Structure formats: structure tokens, C-alpha cells
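**Student:** Heads up: the protein sequence lines correspond to chains A and B, in order. First residue of the first sequence: 1, per our numbering; consecutive thereafter. First residue of the second sequence: 1, per our numbering; consecutive thereafter.
Everything labelled a hint here was simulated from the structure, so no lab data went into it. Any given hint could be a false lead.
Stated by the list, open to error - Covered stretches of chain A, as calculated for chain B (at least 3 residues, CB under 8 Å): (1) 241-251; (2) 390-396.
To be verified - Derived BS3-like pairs (lysine-lysine); straight-line CA-CA distance at most 30 Å: (3) A:LYS34 <-> B:LYS76; (4) A:LYS120 <-> A:LYS239; (5) A:LYS52 <-> A:LYS34; (6) A:LYS377 <-> A:LYS95; (7) A:LYS120 <-> B:LYS76.
This structure is a prediction, so every number in the text was calculated from the model and none was measured. Glycine included, C-beta positions come from ideal geometry on N, C-alpha and C.
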Amino acid sequence: MQVWPLRFRDLDDRRTILADDSGDYFLADSGFVKRYARDLLTPSDEEFLRDKGHAFEGEGDLAHTGFLTRWSRRHHVGDGTAYVILIPTLRCDLKCSYCQVSRAPLAAQGFDWDEETLQKVLGFLDGLPVEEIQIEFQGGEPFLRLDLLQAVAAFARRRFRSVRFVVCSNLQSLNEDILAFLESGDVLISTSLDGPHQVHTRNRTADSALTETFLGNLERVIGLIGPGRISALPTIDMKDPPEPEELIATYEGFGFTSLYLRPVNYQGFARKSHPTARTSASWNAYYRDFIEALIARNARTGRVMEEFYLAHCLRRILAPGMDSHTDLRNPNIPTGANAVIDFDGQIYPSDEARMLARIRQVDLAIGNVVDGLDQEKLALLAPGHINNFDPDCIHCPYQPFCGTDPIDDLARNGRIDVPRHESWFCQRHLAIFDLAMELLYSADPEVEFTLSRWLGLESLPQSLRPVAP
Amino acid sequence: MLLDSEIANMSASPVINILIDPEFHPCIPAALLRLGYLFPELDFALSEQGVTVRGVSGYNLAWLEREVSYQVYREKIFRQTLPMRQSLYAMLAG
Numbered sequence: 001m002q003v004w005p006l007r008f009r010d011l012d013d014r015r016t017i018l019a020d021d022s023g024d025y026f027l028a029d030s031g032f033v034k035r036y037a038r039d040l041l042t043p044s045d046e047e048f049l050r051d052k053g054h055a056f057e058g059e060g061d062l063a064h065t066g067f068l069t070r071w072s073r074r075h076h077v078g079d080g081t082a083y084v085i086l087i088p089t090l091r092c093d094l095k096c097s098y099c100q101v102s103r104a105p106l107a108a109q110g111f112d113w114d115e116e117t118l119q120k121v122l123g124f125l126d127g128l129p130v131e132e133i134q135i136e137f138q139g140g141e142p143f144l145r146l147d148l149l150q151a152v153a154a155f156a157r158r159r160f161r162s163v164r165f166v167v168c169s170n171l172q173s174l175n176e177d178i179l180a181f182l183e184s185g186d187v188l189i190s191t192s193l194d195g196p197h198q199v200h201t202r203n204r205t206a207d208s209a210l211t212e213t214f215l216g217n218l219e220r221v222i223g224l225i226g227p228g229r230i231s232a233l234p235t236i237d238m239k240d241p242p243e244p245e246e247l248i249a250t251y252e253g254f255g256f257t258s259l260y261l262r263p264v265n266y267q268g269f270a271r272k273s274h275p276t277a278r279t280s281a282s283w284n285a286y287y288r289d290f291i292e293a294l295i296a297r298n299a300r301t302g303r304v305m306e307e308f309y310l311a312h313c314l315r316r317i318l319a320p321g322m323d324s325h326t327d328l329r330n331p332n333i334p335t336g337a338n339a340v341i342d343f344d345g346q347i348y349p350s351d352e353a354r355m356l357a358r359i360r361q362v363d364l365a366i367g368n369v370v371d372g373l374d375q376e377k378l379a380l381l382a383p384g385h386i387n388n389f390d391p392d393c394i395h396c397p398y399q400p401f402c403g404t405d406p407i408d409d410l411a412r413n414g415r416i417d418v419p420r421h422e423s424w425f426c427q428r429h430l431a432i433f434d435l436a437m438e439l440l441y442s443a444d445p446e447v448e449f450t451l452s453r454w455l456g457l458e459s460l461p462q463s464l465r466p467v468a469p
Numbered sequence: 001m002l003l004d005s006e007i008a009n010m011s012a013s014p015v016i017n018i019l020i021d022p023e024f025h026p027c028i029p030a031a032l033l034r035l036g037y038l039f040p041e042l043d044f045a046l047s048e049q050g051v052t053v054r055g056v057s058g059y060n061l062a063w064l065e066r067e068v069s070y071q072v073y074r075e076k077i078f079r080q081t082l083p084m085r086q087s088l089y090a091m092l093a094g
């Protein structure tokens, strides 16, 4: 019998998580690790590994082929769908202290697509080798140029078999034309709701009346298209984070059943005004406390609020193909089908990459809409976007579920080859996957209540929590 | 990094010797390379019987010994299973 490589990591001083390269995992005690490393597995160890697909007798047998299937599915990212972010304008009517893109003032000139750029963008979209696309409009505030959104939407609906638009808006200003645009079922809204009134005012609007306007607009849009087509995200300022209970209550008040807790992105204005965003310890502690509060609240109220990112990480642990969130995929090779087109027609591999260019740290443009994609640059960036061969990730049981973020490494450390444990991305995701595993193996009924609802199950079957003998 | 339950087990001794089975000795140099950047405040060296670690004051020694052993195990497993991984990628690449 041959055992596929197993990586391991202590969950606590008694329990160790092991996983193979296909992402199949199990819990064991440290004695198992010792026996495995010393080639002293017992017959019951071997039986367990064989039963769970971690071993095979010979190449081509059913166990071997089954593993190959699972392993290759982990590496098949993208289902023929393009995810493109468009920045029709960099202008914005708010000035958030942690604006990650260093937005341009409302009256500034030269920060919108002109007609020629619009046509080139449409030409770029037309050339993508896909029939399904999600187009995310970011900014600045995209609704400042509704005409450009309408032009893109009209084109995309003709060109693609399936299309979905997400408008990332501060919902500070609405008019009848915007509301008419939102009526189409293929248009979704993503907005920021940082918490109760005073927290949102402090973080975003700096003006109580503006916050009132936003909250009223949010209610109006929910009334128009329902909470299912709106997602809201709180950005958490670790200098003064909101109380978890208050934050959850605020979201519940609007009828949301999911929120996505986001740290301040160490980009743009945030680099100067939020230096604490550079480190992860306080964020990880807050995040854990928040999840504990969320789980307790769900059990107490019987209503289920989801924290999107932890739920997403759980789904990535449990199955391959959960790749719709482009910030956490592996491999995550930059291509035109997963790109950002800026207000000036420059193309970037990610939103964060355009931010680094904006602050003139490093130009990571992978082309522009006039000349097309720069294949040389794409090839240069590709190796940093796969974690399989990283000297630290290769030993980590979470590698198959995790990803990599060389752009964030560049932003924080000025290089992409820092040891993983020193990178913010790794520190954050180790903490999340540790937490996900702890919850998955928890016997607490409150935990099971939340996790099973997040996963769409009546209860958590034991098959999701394998334990070595 | 240390667990509460382990703090009581701390030692002030600045040097420890960790015995590693001879079958793992070929893997120790590579393990030490990684340990060196995972714990830059510690000084790791190959010894006849395993690994010597200097500067361990304040560390939980049982935990540290396990970390060192784990790195050696990981290196051995990596080497031992490398052909399996190579064959996987060869199959993927056709």
C-alpha cells in the first residue's frame, strides 16, 4: 500500500489535522503523525487511510484513479466564466479614510472613460473566450457614470449567453434612472454598511445627514429589488471595531442574512491613515470573537446570519470547485478573463494591483485596452499565483483550500518571497482555516446549528469529520 | 505561540539537545534551513544525535521539541513522496 503525501498541523496540543494534496482531511492525535513519519502505521491506521482514499495499492487501481480525479478537480479553476472588474470612473462623492483606491474628487477631470476607451473596453470584452461573464462595476462611484454602465450592460446582454452585473456603490445618491437600471434581474448591488449609524458616519460619511441619506437609500433599494440581490460588507477599522452584536443587529435590521467581515485593505489612503491594517494579530482575534458571538446569537435567536468568508472557506474545505470568489483560488493565474480595467484603460490582474499602480509603488498592468494583454508580463506574474510549490505551503494541510496573494505581499513587504508565516495573507488564512477546522470538529450543538445551516444541511454528518483511530 | 497550559512547563535553560532517530538524520539539514527562518531568534545546529537549539529561554521545551521533530518529519515525508507528486504533475501535463 502507498500513502499519498499527508501534510499536518496541530490544531491544539492534543489534536492534529492531516490532509492530502486533493484536500481530503482528517483529525488524528500526534501519535499518528509519529507512526506515519516513521513508516510504522498500524493495520488499523492503514485500513483507515485506505477507506478514506488516502492510499492505493497500484497505479491505475480505483483508489489511485479516484485520488487523481479529486486532485485534478482541485486544480481546475474557472468554469468558463469570466470575472471582470470595470472602473468607468475613479471619481467618488465620498472620501472614506481607508479608501483603498485613492479615489478622485467628484469634480476632477480626466478620471472617467471617454468614448474611445468605452469602445475599446467593449472590444476587449467581445474578445474574451467565454460565454458567461460577471461584470463588476467599481470606482470611484460607478453610478456617477450610469451612461457607461448602461452601454456596457446593453452590449454584454447581446454578446454573452449568461451575464451578471454587480455594481459596487456607496448608494449615496439615487435617481429614477438608477432605480430603473436596478430593476433588471441581472443587476446586483454590493454596498458598504460599516455598522450602526455612528460607526458608518465615523468611517465613511463624516456627516450624520449623509449617513441618514445612505440608510434611506439602502432601504429604498431593498424595497425595490429585495435583500437577495444586495450584498453589504462592513469594513472593520481595528482602531475602534464595532461590537459584534450591534453589527449583526444592524444587518438583521435590513433583512440581510449574510455579511462579509472585511479588514481595512492595506492599500491606497489606508496606508497612511490606518497603519494598523498592516498587521494581522488584532484582526484575527476580533474575527474569532465575532464568529463566536455570531454562533451564540444564531443559536439564541434561531435566525441564521452567515459570515460569508468563513462559510466560503468551509465550502472550499469540503469540496473542490468553490472558485467564484476570485480573491481565494488556486491556481489564480492572471488572464484577461479575470482582470480589472481601470478608468484609463489600463488592465490589471486584480483590484489590489491597480491600487499599487495608483500609489506608484509598482506598475503591475498586464496590458491596456488599446494594445491588448502583455503576454510577457502575464507569464512573469503567473508563478506567484500558485501555492503548490511554495516551500512553506507544500507542508501545510490547508494548501488545497487556500490561495496566494503576491499583490498583497508586495503592498506590505515590497516583495513576494517573504516566508509565508510572515505574510498577512498566510497569517489571516491560517487563523481562518484553524477556526473552520475547530468548528467542523466541534461537538457544541450551537456550532453545529450554524454550520449546518450555512452548508444547507439538516445536520453535520460524521463523514465530514473523519477521525483516525 | 505558547499555550497557557504549557507556560508552567517553561525552562530557563538556554540550550537543548533534541534526539532524532538516525533514519531521519539525512533530512535534518533541510529541516534546519526552514526552522532557521520560522524561528529566527533561535540558533539551530546539527549534532551527532540530532539537533541542538540555543536561545530557548522562555520557550516551552516540549512544544519546541515537537516543532523540531515535525519539521524533520515533514522533510522526510516530502522527500519520500516527491516521486508521487512528480508523477501526478506528469499525468496532469499529459
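**Student:** It remains to establish, for every hint, whether it holds in the given structure.
**Tutor:** Evaluation of the provided hints:
1. 241-251: It is violated, with 0 qualifying residues against the three required.
2. 390-396: Holds, because 4 residues of the region 390-396 of chain A bring their Cβ atoms closer than 8 Å to Cβ atoms of chain B.
3. A:LYS34 <-> B:LYS76: 12 Å, holds
4. A:LYS120 <-> A:LYS239: With a Cα-Cα distance of about 43 Å, the restraint between LYS120 of chain A and LYS239 of chain A is violated, given a limit of 30 Å.
5. A:LYS52 <-> A:LYS34: 19 Å, holds
6. A:LYS377 <-> A:LYS95: 33 Å, violated
7. A:LYS120 <-> B:LYS76: Between LYS120 of chain A and LYS76 of chain B the Cα gap is close to 54 Å, so the pair fails against 30 Å, i.e. violated.
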